[in-house]
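Enquirer: The lines below spell out each chain.
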Amino acid sequence: MEELPYTSPFYIVFNYIPGMVNALIEFNDVSLMYPNGHEGLKNINLKINEGEFVVIVGMSGAGKSTLIRSINRMVTPTSGALIVDGEDILQLKDNQLRKVRTNIGMIFQSYNIVKRMSVLRNVLAGRLGHTGTLRSLVGWFPQNDLQIAMNNLERVGIEEKAYVRASNLSGGQQQRISIARALTQQPKVILADEPVASLDPPTSHKVMKDLKRVSREDGLTTIVNLHFIDMAMEYADRIIGLRDGNLVFDGPIEEVTDQTFEEIYDRPIKDDDLLGSEEETDEKNESGQI
Amino acid sequence: MKKTSPDKSERIVLTPMRFKLSILGILLLIIMLYIAAAYQTEAFPQRVIEGFPIIFLFVVEDLWPPSWSYFTSVLQPLLETWNIALFGTTFGAILALPVSFLAAANINTNLTFYRIIRFFFNILRTVPEIILAVLFVALVGIGDISGILALTVLTIGIIGKLLSESIESVDPGPLEAIRASGGNTLQVIRYAVIPQILPQYASYTLYSLEINVKASVVLGFVGAGGIGIILSQQLSMFNYENVAAIIFTLFVVITIIDFISNKLRERLE
Amino acid sequence: MKQYDKIRTHKTFNRTKRMYVLATVLILSFIYIVALVSTPFDINSSSVSTLETLRRLFIEPLINTDNYEKYPEYIGYMLETIAIAYAGIFVATILAVPVGFLAARNVGGRLSYIGKALLNAIRAIPELIFAIIFVAAVGIGPYAGVLAISINSIGMLGKLYAEVIESIDSENVDAIKASGGNRVQSMWYGILPQVLPEFVSYSLYRFEIDVRASTVLGIVGAGGIGAPLILATYQRNWEEVGMILVVVVVFVSLIDVLSGAIRKRLI
Numbered sequence: 001m002e003e004l005p006y007t008s009p010f011y012i013v014f015n016y017i018p019g020m021v022n023a024l025i026e027f028n029d030v031s032l033m034y035p036n037g038h039e040g041l042k043n044i045n046l047k048i049n050e051g052e053f054v055v056i057v058g059m060s061g062a063g064k065s066t067l068i069r070s071i072n073r074m075v076t077p078t079s080g081a082l083i084v085d086g087e088d089i090l091q092l093k094d095n096q097l098r099k100v101r102t103n104i105g106m107i108f109q110s111y112n113i114v115k116r117m118s119v120l121r122n123v124l125a126g127r128l129g130h131t132g133t134l135r136s137l138v139g140w141f142p143q144n145d146l147q148i149a150m151n152n153l154e155r156v157g158i159e160e161k162a163y164v165r166a167s168n169l170s171g172g173q174q175q176r177i178s179i180a181r182a183l184t185q186q187p188k189v190i191l192a193d194e195p196v197a198s199l200d201p202p203t204s205h206k207v208m209k210d211l212k213r214v215s216r217e218d219g220l221t222t223i224v225n226l227h228f229i230d231m232a233m234e235y236a237d238r239i240i241g242l243r244d245g246n247l248v249f250d251g252p253i254e255e256v257t258d259q260t261f262e263e264i265y266d267r268p269i270k271d272d273d274l275l276g277s278e279e280e281t282d283e284k285n286e287s288g289q290i
Numbered sequence: 001m002k003k004t005s006p007d008k009s010e011r012i013v014l015t016p017m018r019f020k021l022s023i024l025g026i027l028l029l030i031i032m033l034y035i036a037a038a039y040q041t042e043a044f045p046q047r048v049i050e051g052f053p054i055i056f057l058f059v060v061e062d063l064w065p066p067s068w069s070y071f072t073s074v075l076q077p078l079l080e081t082w083n084i085a086l087f088g089t090t091f092g093a094i095l096a097l098p099v100s101f102l103a104a105a106n107i108n109t110n111l112t113f114y115r116i117i118r119f120f121f122n123i124l125r126t127v128p129e130i131i132l133a134v135l136f137v138a139l140v141g142i143g144d145i146s147g148i149l150a151l152t153v154l155t156i157g158i159i160g161k162l163l164s165e166s167i168e169s170v171d172p173g174p175l176e177a178i179r180a181s182g183g184n185t186l187q188v189i190r191y192a193v194i195p196q197i198l199p200q201y202a203s204y205t206l207y208s209l210e211i212n213v214k215a216s217v218v219l220g221f222v223g224a225g226g227i228g229i230i231l232s233q234q235l236s237m238f239n240y241e242n243v244a245a246i247i248f249t250l251f252v253v254i255t256i257i258d259f260i261s262n263k264l265r266e267r268l269e
Numbered sequence: 001m002k003q004y005d006k007i008r009t010h011k012t013f014n015r016t017k018r019m020y021v022l023a024t025v026l027i028l029s030f031i032y033i034v035a036l037v038s039t040p041f042d043i044n045s046s047s048v049s050t051l052e053t054l055r056r057l058f059i060e061p062l063i064n065t066d067n068y069e070k071y072p073e074y075i076g077y078m079l080e081t082i083a084i085a086y087a088g089i090f091v092a093t094i095l096a097v098p099v100g101f102l103a104a105r106n107v108g109g110r111l112s113y114i115g116k117a118l119l120n121a122i123r124a125i126p127e128l129i130f131a132i133i134f135v136a137a138v139g140i141g142p143y144a145g146v147l148a149i150s151i152n153s154i155g156m157l158g159k160l161y162a163e164v165i166e167s168i169d170s171e172n173v174d175a176i177k178a179s180g181g182n183r184v185q186s187m188w189y190g191i192l193p194q195v196l197p198e199f200v201s202y203s204l205y206r207f208e209i210d211v212r213a214s215t216v217l218g219i220v221g222a223g224g225i226g227a228p229l230i231l232a233t234y235q236r237n238w239e240e241v242g243m244i245l246v247v248v249v250v251f252v253s254l255i256d257v258l259s260g261a262i263r264k265r266l267i
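Chains as they are written, first to last, in the numbering used here: chain G, 1 to 290; chain U, 1 to 269; chain V, 1 to 267.
Heads up, none of these hints are tricks.
In the DSS-like style, the derived pairs of lysine-lysine whose C-alpha atoms are separated by at most 30 Å in a straight line are:
| id | chain 1 | residue 1 | chain 2 | residue 2 |
| --- | --- | --- | --- | --- |
| 1 | V | Lys2 | G | Lys99 |
| 2 | U | Lys20 | V | Lys264 |
| 3 | G | Lys212 | G | Lys188 |
| 4 | U | Lys161 | V | Lys264 |
| 5 | G | Lys206 | V | Lys11 |
Note that these hints are calculated values from the structure, not bench results.
Work the whole structure out from these sequences, hints included.
Expert: Here's what the structure looks like:
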C-alpha cells in the first residue's frame with residue numbers, strides 16, 4: 001500500500017473506517033540524538049499496521065535496535081511524534097508509559113531471563129505489569145495468570161520444564177522462555193531485538209518459526225531486527241531497511257530483491273550476511289550450554 | 001613489569017630508568033614511614049623479633065592452664081555476647097537490604113540522592129565498632145541494647161557496601177526485560193535483582209555474623225554488654241587465670257562459628 | 001486456552017527437601033527463641049534527655065571553640081594509632097610472604113594444611129584479645145599494639161597471599177624449574193613477579209582495616225586513641241567522645257581515600 005502523508009484527509013478518514021488502514025505504530029518525523037552527539041535515527045516516517053510481521057534489516061550500527069527500542073521508549077527519541085495504539089508515547093509520564101509497555105512484549109538477543117529462577121517464574125514475570133505491586137512482591141499471582149503462563153510455555157514446547165531452573169535449559173529453550181514471557185503479557189505488539197543472534201542456524205530457524213507461528217495465531221503486530229538477509233526473506237511480510245539512521249527501504253516482501261539489500265547495505269552482499277539453511281551447524285552448538 | 005631472560009646487550013633495557021627510580025623512591029618512602037612509625041611506637045624490628053618468643057613463653061607458662069573452675073561463670077556472658085551478635089546481625093541485615101538498593105546506581109537513578117547515600121555509607125564505615133558502642137551507650141545507656149544497636153549499624157555498613165556492589169554488577173538483562181514489560185522499580189527489584197543477589201546476601205550476612213561475634217567482645221569494655229564486661233573486670237584485677245579461661249572459651253566458640261559459617265558460605269557459592 | 005489443574009508457582013518439595021527445610025526452620029527458631037528469652041531488652045538511659053546527649057556528642061565538638069584546644073592532643077593520639085597500624089602492617093607484610101607460600105597448596109605441599117590451620121586459628125582471635133595478652137607479656141604501650149596488629153594481620157594476609165599463589169599459572173614456575181632453577185629461584189622469578197601487585201593491594205586493604213582496629217587497642221593499654229576514648233566514656237564526657245569521633249572519621253576517611261587511589265593504580 002502506498003504510504004499516505006500524515007496530513008492527508010484521506011488518512012484521517014481511512015483511519016476511522018474499521019478494516020481500512022489501521023496503523024498501530026506510527027513514526028512521525030522521529031529523530032534520536034544520543035548524548036554523545038551520535039544520531040541514532042534521522043527523521044523517520046513509518047507506519048506499521050496491526051497484525052504485520054515486519055523485519056528491520058541494516059548493518060550493525062544502522063539504528064535497527066534504536067528504532068525498535070523507541071517503540072517502547074527503552075530509548076527516548078529527541079524529536080518527532082511516535083504514536084503507539086493512539087497515544088504519542090513521547091509525551092507520556094512514567095506511570096502512563098508503564099501502562100503502554102504492558103501491551104508491548106519484548107524479546108532480546110541475550111534472552112534477559114533470570115538464570116537462577118525457575119522457567120515458570122520467569123514467564124510469570126510477564127504478568128507484572130498487570131499485577132498489583134503488593135501482590136507481585138509477595139509472589140501471589142492469580143491462578144488465571146499461572147494458566148496463561150503455562151499455556152504459553154506449552155505453545156513454545158517447554159511446558160514440562162516449568163519448574164526447572166532456567167540455567168539448566170539450552171540457549172534455544174532459554175529464548176523460548178523469553179518468547180513465552182512476552183506472550184504472557186498478552187500484548188498487542190511484540191518487539192524482538194536480534195532474537196536469534198546468539199543461536200546456531202538450526203536453532204535460529206526453529207525459534208523464528210515459533211515466533212512467527214505464535215504471532216500469527218494471536219494476530220500480533222511483530223517487529224523483528226535481523227541481520228541475516230536470507231532469514232529476513234524467509235519470515236518477513238514486510239521489510240524495512242535502515243542505513244545510518246535513515247529509512248532507505250520500506251516495502252512488502254514481494255518487492256524485495258538482492259539489489260534492495262545491496263542498497264540497504266550500500267555494498268555487495270557477502271556470505272556473512274547469510275545465515276545458511278537449517279541443516280548447517282555451527283560451533284555455537286546448543287550442547288555448549290549447560 | 002614481566003621479567004624475561006637477562007640480556008647483556010646495551011640497547012635493550014629490561015626496566016626503564018625512570019621506572020626504576022620511581023620504584024626506588026616509593027620503597028624509600030615506605031621504609032621512612034616505617035622508621036617514623038617504629039620510633040613513635042618503640043616497635044623497632046629487633047624488638048618485634050624478640051617480642052614474639054616472649055609472648056609465646058608468656059602464653060605457655062603464665063596463661064596456661066586456665067582456671068577450669070571459672071568456665072561456668074563464663075557461659076552466661078558468652079550467651080549474652082552471642083545474642084548481641086545474633087540480633088545485631090539480624091537487624092543489620094534486614095535494614096541493609098533496602099539501603100543497598102538506594103546505594104546502587106543501576107536501581108537508584110537519582111544521581112544526587114545516590115551520592116548522598118554513598119557519602120553517608122563511606123562515613124559510616126570509617127567509625128570503628130568501639131566508637132559506635134560508646135555512642136549508643138551515651139544514647140540508650142549501659143546494657144545489651146547499646147551493643148545490639150552498635151552491631152546493627154556496623155552490619156549495615158558492611159553488608160550495605162558489599163551488597164550494593166553486588167547489585168551494581170548483576171546481569172542487567174532481566175532488569176531491562178522487566179522494565180520493558182511495564183514493571184515498576186519495586187517489581188524490577190523483586191523479580192530481576194533479588195533472585196540474582198540472594199546467595200551473596202546470605203553469604204555477606206554470615207560474614208557479618210563472624211565479624212560481629214569478634215566485635216562483640218569489645219563492647220563490654222564500654223558497657224555495651226557481653227563477655228567484655230567480665231573480661232575487663234578480671235583484667236583490672238590482674239586475674240590472669242580467669243582471663244585465660246575467657247580467652248580460651250572465646251577461641252573455641254569463635255572457631256566453631258567461623259567453621260560453620262565458612263562451610264555454609266562455601267555451599268552458597 | 002487449555003485449562004490445567006491448579007498450578008503452583010513452586011514445585012512441591014520432595015520428602016528429603018521437606019525434612020531439610022523443616023530442620024533449618026527448627027534450628028533457627030530455637031536459636032532465636034533462646035536469644036529472645038535470655039536478652040534483657042531494657043533501656044537504662046539516664047534521666048538526661050537523648051536530645052541533650054546528641055547535642056553534646058555531635059554539635060558541641062564542632063561549634064564550641066573552647067573544645068578546639070583539645071583537638072591537637074587527639075590528633076596526636078590518632079597519629080600514634082596510625083603509626084601502630086603502619087608498623088604492624090609493615091611487619092605483617094614481610095612475615096606473611098613466607099607464611100603465605102607455606103600455606104599455598106602448590107608450594108607448601110602437605111605443610112599447607114598445617115599452615116592453613118594455624119592461620120585459621122589466628123583469625124579466630126580478635127585483635128583485642130591479642131592486645132590483652134601482649135600487654136600482659138611485654139607491658140603497657142604501643143609496642144604491644146604493634147605486635148597485636150601484626151600477628152592479626154598475618155592471619156588474614158597469609159590466607160589471602162596463599163590464595164593468590166594458588167591461583168597463578170604454574171607454567172612460569174615449571175619453566176624455571178625445567179631450566180635448572182631450584183625451589184627458591186622458581187619462587188623468586190616464577191611466582192613473585194606475578195603476585196606482587198596483588199600482595200601490595202591486599203596489604204593496603206588490610207592497612208585500612210588495621211587503622212580502625214588500632215583505635216580499640218588503647219582500651220587495654222596497647223596505645224593509640226582508644227585510651228582517651230575509654231577515659232572520656234568512663235567520665236561520661238560526651239563532648240570529648242564526639243571530638244574523638246570527628247578525628248577518627250576524618251583520618252580514617254583520608255587513609256581510605258589515599259589507599260583506595262593507590263590500590264586502583266596497582267591493578
